[in-house]
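Chemist: Sequence:
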Amino acid sequence: MRGRAVPLLPSRRVQNDFLYFANRTPILPVQRRMALGALMEARNACPHRPPWTALFLKAYALLAQEIPELRRVYIGVPRPHLYEYPASVAMVAFERKTAAEVEVFVGRIKDPARRPLAKLVEILRHFNEAPLTEIKEFRRVLVLGRLPLPLRRFLMWVGLNIGQRRANWFGTFAVSVYSALGAESLRPLAPCPVVLNYGVIAADGSVNVRFNYDHRVMDGATVARALQTFERILTQDVVRELAAWR
1 MRGRAVPLLP SRRVQNDFLY FANRTPILPV QRRMALGALM EARNACPHRP PWTALFLKAY
61 ALLAQEIPEL RRVYIGVPRP HLYEYPASVA MVAFERKTAA EVEVFVGRIK DPARRPLAKL
121 VEILRHFNEA PLTEIKEFRR VLVLGRLPLP LRRFLMWVGL NIGQRRANWF GTFAVSVYSA
181 LGAESLRPLA PCPVVLNYGV IAADGSVNVR FNYDHRVMDG ATVARALQTF ERILTQDVVR
241 ELAAWR
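Once you know that position 83 of the sequence shown is 83 in the working numbering, the rest is easy, because the numbers rise by one and skip nothing.
The hints are simulated quantities; they were obtained by calculation from the structure and are not laboratory data.
Fair warning: this is a prediction, and the values are worked out from it, not measured in the lab.
Where a beta carbon is used, it is the ideal one built from N, C-alpha and C, also for glycine.
Treat the hints with caution; some may be incorrect.
Unchecked claim - What follows is a set of in silico ranges between Cβ atoms, one per label pair, in the way DEER data are often shown: (1) Ala-203 x Val-158: 45 to 51 Å; (2) Arg-4 x Ala-243: 52 to 58 Å; (3) Pro-68 x Ala-100: 40 to 46 Å; (4) Pro-47 x Pro-68: 35 to 41 Å; (5) Leu-181 x Arg-49: 16 to 22 Å; (6) Arg-24 x Glu-84: 17 to 23 Å; (7) Leu-19 x His-81: 22 to 28 Å; (8) Ala-221 x Leu-181: 31 to 37 Å; (9) Leu-155 x Ala-99: 22 to 28 Å; (10) Leu-155 x Arg-240: 40 to 46 Å; (11) Val-77 x Trp-245: 41 to 47 Å; (12) Trp-157 x Gly-182: 33 to 39 Å; (13) Pro-47 x Leu-149: 47 to 53 Å; (14) Leu-151 x Ala-243: 48 to 54 Å.
What the hints assert, rightly or not - Pairs of lysine-lysine residues, derived as DSS-like cross-links and limited to a Cα-Cα distance of at most 27 Å, are as follows: (15) Lys-119 x Lys-97; (16) Lys-136 x Lys-97; (17) Lys-110 x Lys-97.
Could you build all of it, start to finish, from the sequences and the hints given here?
Modeler: Structure (structure tokens):
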């Protein structure tokens, strides 16, 4: 059957490069069923109704302050070692409709733990609504995606193996969710040590929360305990901040 060739957009080329390196990372998922009824009530009572992404983003950053393993990345050269950062850097996926088609871009948020929820909501809204040319990370993707493939891969390889630069380019954790569409990803991939995602949140606040982690950086028991602490932060620390925001 004769079809037609559809050229890859710059953002799709960069996304494919991310997957090229992510597929070389031993990512394993650990899931916990959480009871977030208290968080749901606090969110519903808050007149600002912040998106769930902001709540999970803030909670994970607070969690990483307590658990240094969540601020570490694997560096392969010149000798394999772990590199630890003093703070988290979040990479959040955004779907944006352009003249060509619906494209996916990744926005970076440095040290979300020290930012109030109101500021995180503002940042997420900017990534969702601002013109692509006004967002530095999105402009970088459009430029990078127009470079030849060997050069793109080389630049990414360099970025992944320079400790001082890696978090700025690839983050210490990523957030990718489809729960607003009634679905969840079972194994999201990204070239970073943890990918956070969660499923559809039930009416009683119960939800599956998953940390997909780089086994070179941490072990499953560490992640399982981290998920326990994560639930406590969501239902206590984040609830308190929501109450103060009313």
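Chemist: Against each hint, give a clear statement of whether it holds in the structure.
Modeler: Structure-based check of all given hints:
1. Ala-203 x Val-158: 45 to 51 Å: For Val-158 against Ala-203, whose Cβ atoms are near 48 Å apart, the range 45 to 51 Å holds.
2. Arg-4 x Ala-243: 52 to 58 Å: 55 Å, holds
3. Pro-68 x Ala-100: 40 to 46 Å: Holds - the Cβ-Cβ distance for Pro-68 and Ala-100, about 42 Å, lies within 40 to 46 Å.
4. Pro-47 x Pro-68: 35 to 41 Å: 36 Å, holds
5. Leu-181 x Arg-49: 16 to 22 Å: About 18 Å separates the Cβ atoms of Leu-181 and Arg-49, which means 16 to 22 Å holds.
6. Arg-24 x Glu-84: 17 to 23 Å: Since the Cβ atoms of Arg-24 and Glu-84 sit about 22 Å apart, the hinted range of 17 to 23 Å holds.
7. Leu-19 x His-81: 22 to 28 Å: 25 Å, holds
8. Ala-221 x Leu-181: 31 to 37 Å: 33 Å, holds
9. Leu-155 x Ala-99: 22 to 28 Å: 27 Å, holds
10. Leu-155 x Arg-240: 40 to 46 Å: 42 Å, holds
11. Val-77 x Trp-245: 41 to 47 Å: 45 Å, holds
12. Trp-157 x Gly-182: 33 to 39 Å: Holds, since Trp-157 and Gly-182 (Cβ atoms, about 37 Å apart) stay within the stated range.
13. Pro-47 x Leu-149: 47 to 53 Å: With Cβ atoms ~49 Å apart, the hint holds.
14. Leu-151 x Ala-243: 48 to 54 Å: 50 Å, holds
15. Lys-119 x Lys-97: Between Lys-119 and Lys-97 the Cα gap is close to 24 Å, so the pair holds against 27 Å.
16. Lys-136 x Lys-97: 17 Å, holds
17. Lys-110 x Lys-97: 25 Å, holds
Of the numbered hints stated above, none is contradicted by the structure.
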